[in-house]
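Engineer: If you want the building blocks of each chain, they are given just below.
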Amino acid sequence: MVASHTIVNEQLETVTSTYAQALNAALSQEMRRDARVTLIGEDIGIGGVYTVTQGLHDEFGEHRVIDTPISEAGFVGIAAGAAVAGLRPVVELMFADFALVAADQLLNQIPKLQLLSAGRYDLPITIRTQQGISGGGGPQHSQSLESLFAHVPGFAVALPYSAADAKGLLTSAIRMNEPTIVIEHKALYFRRGEVPVGDYAVPFGQAAVLRHGTDVTLVAYSQAVGWCLQAAEFLAERYGISAEVIDLRTIVPLDIESVVTSVRSTNAVVVVQEAGGMASIASEIIAQLHEKCWSDLLTPARRVCGLDIPVPYSRPLERYWLPSVQDVVDAAREAVESK
Amino acid sequence: MVASHTIVNEQLETVTSTYAQALNAALSQEMRRDARVTLIGEDIGIGGVYTVTQGLHDEFGEHRVIDTPISEAGFVGIAAGAAVAGLRPVVELMFADFALVAADQLLNQIPKLQLLSAGRYDLPITIRTQQGISGGGGPQHSQSLESLFAHVPGFAVALPYSAADAKGLLTSAIRMNEPTIVIEHKALYFRRGEVPVGDYAVPFGQAAVLRHGTDVTLVAYSQAVGWCLQAAEFLAERYGISAEVIDLRTIVPLDIESVVTSVRSTNAVVVVQEAGGMASIASEIIAQLHEKCWSDLLTPARRVCGLDIPVPYSRPLERYWLPSVQDVVDAAREAVESK
Amino acid sequence: MMHRIRSFESHCERLFRDAKIDGAMHLCAGQEAVAVGVCSVMTDADALSFTYRSHGWALARGISPVSLFAECMGRRSGVSKGRGGSKHIGDWSRRILPSNAIVAAGVPLAAGVALATKSLGEPGISVVAFGDGAVNQGVLHETMTMAALWQLPVLFVCENNQYAELTPTMVMQPVARIADRAAASGIPAVRCDGMDVEAVRSAAREACARIRADGGPVFLEAETYRYSGHMTGDPQKYRTTEEVDRWRTRDAIARLEDRLVEAGVPHGALSEVRESETTAVEAAAIQAALEETPEPAEIWESAPSWSRATR
Amino acid sequence: MMHRIRSFESHCERLFRDAKIDGAMHLCAGQEAVAVGVCSVMTDADALSFTYRSHGWALARGISPVSLFAECMGRRSGVSKGRGGSKHIGDWSRRILPSNAIVAAGVPLAAGVALATKSLGEPGISVVAFGDGAVNQGVLHETMTMAALWQLPVLFVCENNQYAELTPTMVMQPVARIADRAAASGIPAVRCDGMDVEAVRSAAREACARIRADGGPVFLEAETYRYSGHMTGDPQKYRTTEEVDRWRTRDAIARLEDRLVEAGVPHGALSEVRESETTAVEAAAIQAALEETPEPAEIWESAPSWSRATR
Ligand SMILES: Cc1ncc(C[n+]2csc(CCOP(=O)(O)OP(=O)(O)O)c2C)c(N)n1
Ligand SMILES: Cc1ncc(C[n+]2csc(CCOP(=O)(O)OP(=O)(O)O)c2C)c(N)n1
Ligand SMILES: [Mg+2]
Ligand SMILES: [Mg+2]
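Protein chains in written order, with the numbering used here: chain H, 811 to 1149; chain V, 811 to 1149; chain P, 12 to 322; chain Y, 12 to 322.
If you are wondering where the hints come from, they were derived from the structure by calculation, not from laboratory data. Just so you know, not all the hints are guaranteed correct.
Claimed, not checked - In the BS3-like style, the derived pairs of lysine-lysine whose C-alpha atoms are separated by at most 25 Å in a straight line are:
1. V:996 with H:1102
2. V:1102 with P:248
3. V:1149 with V:1102
4. H:1149 with V:996
5. H:996 with Y:248
6. Y:31 with H:996
7. H:1102 with H:1149
Claimed, not checked - Computed far set for chain P versus chain Y, every beta-carbon distance over 10 Å:
8. 56
9. 155
10. 183
11. 191
12. 192
13. 196
14. 246
15. 279
16. 286
Claimed, not checked - Some chain H residues well away from chain P (every beta-carbon gap over 10 Å; in silico):
17. 844
18. 853
19. 884
20. 914
21. 944
22. 1000
23. 1002
24. 1008
25. 1019
26. 1068
27. 1104
28. 1140
Computed from a predicted structure; not experimentally measured. Beta carbons: idealized from backbone N, C-alpha and C, even for Gly.
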């Protein structure tokens, strides 16, 4: 894994920590800052399966860190009701796959509750979950489902790649007065990066240019950003191709302007995502660039995505299912060469 | 509403019937043909809220037309298990919105069950549901959710527009050995059309050209096809613009080739869908055309979609939320004029 | 109040027929005693959630007929600014959650309000009404479990009106009495005659007192009946008019009036109430019809700030 | 058979440590008696569904150790051709549904098999195993309701192993006994000692006989214990080793052996069984490790015909 290129304000004091620790810091800071911030989820009292909530039960007690039965639909709904009535719940869905068990609350209820309030209440609920492949999860523990939350309107959706963004985006999410979902990646939890200490909020809707380049733009979010950074390194060293890497950080709102700006100068783009391509964020980005960069693109936008079939368990199959750094490199070369 | 232009084989004997009657005919014929075809759903014994299952309980009895409690997750799962074990269940989800209550079974279970079978069983389950706006349904009874079923791989997805296709696609769906979903439109149930009598199956994955044209291609499915036909009529009469209208009929598989063929000759395209545009089938179609029609498109593909916010109740707001025939006309003119 | 509801519902039927009201409307005539009885023991601190069969609860909890009519007609002055319509009535200034059109989905939302109330040390309980059909929805079971585990102040009110849409309730219940199912979550349950406002009131009073004292939830089943179809336009093929008439002999309004007369209230006073409610509802319907509908651009008002304002 | 499972599980731990097995693995050592006892009364016509904690049930139902190991190692010869791994073990040629990694989601699937069986007039019942944690999932409640309403031949087996992941079972149960919750669906329930294979066997025998005779469902709760962590890598901070040791004194294998010895079976015969199972499992692990993994292109084999073979 290449080093994190996240551009953190130089002035901020930072500490090296894992993505999981960065999330933990965001939670504990926000819980100290606002007594209404309340965690709800399965096995979070003991620290959570990925250690993100470690220590919080000890510090804040069982009324702020609420362990639930295995009843996702029920506790997501309870959290939403609590958000109407003055709490600021942060719900952990252990795997994004389990969001489907609570899909009615997540997609029929929460996104509609403010429309129906006639402006009489805020809805400061944050869903935290994690997704993606990290090896052998099988078809029900490996999915990337962000496109569902983007398609059905109602949530602001963040997918942090760097540890710093994990902290900063989760902090913003908790402070927002509308429903937010922070989709973490299970393969990133124990990756380290420089994370600002203290108060640190990264606004939703602002992509980050992690590497400047002139020949082709690589656009991604979440773990796919890592592939792009590796690909960019490789493209530069091996082929002398200069790739710009953009981490979208949030897909709702989608900072298409930053991508457009980049494509205006590179004239070529590859969109990379772990999820299958069909009717996805990658499709959306390309559809928007098709219009907004009509005369800037000198070659069609490419996409590098997961396959549009369920994720199999066996390693060689899983590896084939996943987009690879090589796929990104190939797509970028093709794009550059056909300009 | 313009007359149905569905091109039905001239040789077939047809009868004028509503979309609902056409669906009913498909169900009763398939139930007669194969004793394993079994209907499962809420209030279907008495005929269903939209009369699609009328008369079937009387003819086939309570073991073939099974009324369920209000337990969508449970009965979708039961139907899937029954499909493994030799039935051919056709499940009615009264509103597509309710699919979200059963999303775990629909998206985590059914699409993965064949992967996990190592080829040892077929999975002939058909989900029938209806969606969209027909006036005053509000945010929880008006959604168009086909993109979710397209994004998460596993279902073949049909959205018939004409009464004939309603019959033909449902018939095919019931005969297929993989999971299928037929998404009907509530505004179409009582629309009439010519429907072939007797055995009539329309294969999945074959778009229909409903109107030939030379200046611009209008692509749609489900109720949006009606808007395109109206727009084409209007474009011809008022502006002398010749629009080709393509009804995709199924979105999985997606017959992009038919669209490409058309765009190769018209050099301009408008994609129309009732659902919000974000990360949707419309995005996907444009992303694919961007690549496949790179040099054929003389102007960017346009899309005309619903808004990316929940559907409000009040008529003027609902009307504004919906794409209109005028929106299609405007987009087509813009496309043609900027070629 | 029961008059107000009854008269509101009959007006609604008329307005729907005249196409002044859109979508599907679910009327509650016959069930008035449940909403009125329960609401009569609620305090201002209490929260309420109900279903698409909303009018009775909304009126009983103090939403004015005119803002309710206006909502049903999609007017800007509607209680939810026309965003929700008849199925989605709420008013958080009265701690009423938007009513829900997904069967049972409002139940966890209401329990969540109770969780917040308890967490924040505020007074008040949550009352959530749902139908007999909702009892088969898993999320109700999940919520009851958590309400019991966490001892949330929730009154679960099951309005057993004998039908879930077009299906007789008991065809879909595996046990003889719905209230008995609450035992699976260790929640105390009571039943009452939902066609008798005083019976509902006293059962609800006792239940609420228990919740306020112990903190934990109580389940209340009220046996009642809807006189109208499931929704406007329902041909009601699943029942006979004789059955409806039989239930009408237990009519809550008539029974209350009989009792009041027995207790010495003059007939005249009763008909005065009835007439004044009818007149007021009529006036409200007329006024609501005069209100403005929202302008298309107002659609963005209730949307999150980041929503893109393009197709 | 219990030996086979125990020995399989300890092998798995080793293989996982050696990174021969991917993902998370959920071992069932301690719980063997439940799977073995229940499967011992099943006929070939019966269907079975269980969870990610799959190995015990799979072996007890006749899947061979080598094809199970091969599956866990992602080999082409695995029982699901390497597609599912340890969490997703199924073999429809034995009427075993793929085991489920979504808590409680396999329950309606199993009930669906029972519906088909009944509809098609075939013999056989459906047995579905799930954990104590699954009891709080709404879909279980929904399925039990339908199984009762439709009198489906389903044996619901709740393996109460005292923990749901990292949480003690009873912390999340609103009633003292899980089996009591079945009454809400009108399903007869029994409990048995899940650390005693004969107790499980006789309870299951009786339950199955009842299902076969009456057609309707029965709920069986087996009290048991898992000796390993929830999954490989679990540091088990939520319990003490003393607790584990206390349960080990009730070990099902030891108790059965004691009883057999008392009944006159020579010690030698028992250790022979034990050794032959251990050797066979060892051999199976070695053989499985030699099997081939699938080629990438084989990924399309299990996909629907219309799947697009592009990114
Ligand atoms: C999840 C879901 N499934 C189905 C429906 C359709 N539906 C609307 S009302 C209703 C019947 C509900 O019956 P009950 O709970 O008894 O309430 P009632 O209408 O009698 O007040 C049904 C099935 C729905 N709105 N939501
Ligand atoms: C819907 C869902 N929620 C959460 C999980 C994560 N999870 C996996 S196993 C488990 C505990 C299940 O406990 P129990 O039902 O008692 O079964 P056991 O593991 O003890 O056999 C949890 C919470 C899941 N797999 N699915
Ligand atoms: Mg009812
Ligand atoms: Mg357990």
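Engineer: Look at each hint and say if it fits the structure.
Structural biologist: Checked hints:
| no. | hint | result |
| --- | --- | --- |
| 1 | V:996 with H:1102 | 35 Å, violated |
| 2 | V:1102 with P:248 | 54 Å, violated |
| 3 | V:1149 with V:1102 | 18 Å, holds |
| 4 | H:1149 with V:996 | 47 Å, violated |
| 5 | H:996 with Y:248 | 22 Å, holds |
| 6 | Y:31 with H:996 | 21 Å, holds |
| 7 | H:1102 with H:1149 | 18 Å, holds |
| 8 | 56 | 26 Å, holds |
| 9 | 155 | 8 Å, violated |
| 10 | 183 | 7 Å, violated |
| 11 | 191 | 7 Å, violated |
| 12 | 192 | 4 Å, violated |
| 13 | 196 | 5 Å, violated |
| 14 | 246 | 26 Å, holds |
| 15 | 279 | 50 Å, holds |
| 16 | 286 | 47 Å, holds |
| 17 | 844 | 12 Å, holds |
| 18 | 853 | 15 Å, holds |
| 19 | 884 | 3 Å, violated |
| 20 | 914 | 6 Å, violated |
| 21 | 944 | 29 Å, holds |
| 22 | 1000 | 31 Å, holds |
| 23 | 1002 | 31 Å, holds |
| 24 | 1008 | 27 Å, holds |
| 25 | 1019 | 21 Å, holds |
| 26 | 1068 | 15 Å, holds |
| 27 | 1104 | 16 Å, holds |
| 28 | 1140 | 33 Å, holds |
In this structure, the earlier hints numbered 1, 2, 4, 9, 10, 11, 12, 13, 19 and 20 are contradicted, and the remaining ones agree with it.
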